[in-house]
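Undergrad: Letter by letter, the chains look like this.
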Amino acid sequence: MDNVYTRSKDIALIEILDRVLDKGVVISGDIVISVADVDLIYVGLKVLLSSVETMNRLKWAEVPCPESPGNL
Amino acid sequence: MDRIIETDDPRVFIEEMEKLNVPGSKRINADTKNVEKGLVKLVLALVELIRGLIEKQAIKRIESGSLSDEEIERIGETLMKLENKMQELKEIFQLKDEDLSLNLGPLRDLI
Amino acid sequence: MKIYSYCIIDSKERIGDGHIRGLNGAPVYNIPYRDMGIVVNNLNGDIKDLTKSHLLEHENVVEMLMKNFTVLPLRSGALFNREEEVLHVMEKFYGDFRSNLDRLINKVEFGIKIIWSGDNIRGEILKDHASSSHFLAATKDSPGKMFIMGKFEKYKIERALKEKAEICIAFADNFLNRFAFEKKLEKLISTNLLLNAFYLVDKERQRDFKEAFELLRIAPDNFKYLFSGPWPPYNFIRMGE
Chain A
1 MDNVYTRSKD IALIEILDRV LDKGVVISGD IVISVADVDL IYVGLKVLLS SVETMNRLKW
61 AEVPCPESPG NL
Chain B
1 MDRIIETDDP RVFIEEMEKL NVPGSKRINA DTKNVEKGLV KLVLALVELI RGLIEKQAIK
61 RIESGSLSDE EIERIGETLM KLENKMQELK EIFQLKDEDL SLNLGPLRDL I
Chain C
1 MKIYSYCIID SKERIGDGHI RGLNGAPVYN IPYRDMGIVV NNLNGDIKDL TKSHLLEHEN
61 VVEMLMKNFT VLPLRSGALF NREEEVLHVM EKFYGDFRSN LDRLINKVEF GIKIIWSGDN
121 IRGEILKDHA SSSHFLAATK DSPGKMFIMG KFEKYKIERA LKEKAEICIA FADNFLNRFA
181 FEKKLEKLIS TNLLLNAFYL VDKERQRDFK EAFELLRIAP DNFKYLFSGP WPPYNFIRMG
241 E
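Chains as they are written, first to last, in our numbering: chain A, 1 to 72; chain B, 1 to 111; chain C, 1 to 241.
If you are wondering where the hints come from, they were derived from the structure by calculation, not from laboratory data.
The structure presented is a predicted model; accordingly, all values stated were derived computationally and were not measured.
No false leads were slipped in.
Label-pair distances were calculated between CB atoms; the ranges are:
#: 1; chain 1: A; residue 1: S8; chain 2: C; residue 2: S117; range: 17 to 25 Å
#: 2; chain 1: B; residue 1: Q57; chain 2: C; residue 2: E166; range: 21 to 29 Å
#: 3; chain 1: C; residue 1: L43; chain 2: B; residue 2: G52; range: 40 to 48 Å
#: 4; chain 1: B; residue 1: K90; chain 2: C; residue 2: R103; range: 41 to 49 Å
#: 5; chain 1: B; residue 1: Q57; chain 2: C; residue 2: R103; range: 37 to 45 Å
For every residue, glycine included, the Cβ atom is placed at its ideal position computed from N, Cα and C.
Chain A with its partners taken away, still in its complex shape:
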């Protein structure tokens, strides 16, 4: 049976990730072109910065959490 509480947590996660990953102030470029997992080129639609790094890769790690077995 659908656990409404679980699903709401999934929605909260989607809402948070949409903002934290894709919105907000971007000071390191909009698109990152990655070669061999090293982020090289920042293609910014507005501004470019040379002294800011970004993370290599985004990976969805499973957060151990008893009520939410689903993966995004």
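Chain A is fixed; fit chains B and C onto it per the hints.
TA: For chains B and C alone, kept in the frame of chain A given last:
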């Protein structure tokens, strides 16, 4: 006010939102084996973009009544051949429609 | 050691005295620059991959700060090697940050999503258009014309669908925008997602906004609604203007 998240049907929203791009999917993988396929994708995506624009233009002119029957037949035949060719190319390079969609952001409505 | 950043705040004061913890449990602090600051923490050792829990921690920090400050949330993932680099960014974007902080003081963001049954609506429109498809039989001998007229029909259906969507969205927006300073509406981005909307609302009018949403929700349609917020103003940052 503490943060509220309310919906009467969470499952339906999760389904819909997962259909859209996964957040953070703006990284383009340019590893060697992907580069060629990436270039083909880009070229075909552009061709598809142009094909769509031409088709839309043709439809607008048909609607405004400014094309003769022969002109409609000719442009229809050309667009039909172009669409078939695109279909062939997609099959050869094993690309799906979604692979060829360009994220145009605010320009989306042009298509 | 790297410096990971969360948001810009409208203050040059120290914050929290290490009470607020961010990624890897490191204490969060404010690097001041003129009349504002950037909230960061130090990361010992590199984080190669951002995980879900990092991102939740990131958001948690920003929301805690939102209680006491005007915040400009940063997109996650900005890492600096040295404090000089941080100050360089602050100098470069000071004007943008200042004007955003001034515009966003005391404002919060709400998200509204509406789902409709796109296929059903398209089905209804198809029924209305059925009469005009009789001409297709007459074009059997002109394959080109048949092809393009088929596209024309599809185009008319989609256009009718968009028009219906506009009407429904305007109806909803009417309820919601009276308490909003700004709004961002993403219309019909998929068959069933009729609207993905963000509204910038005054902190003092949050409850009014929620009440307006409740009124909308009881409208006699088959639509499904999602309400979320208050959020930091992720969707209302304007850089480079």
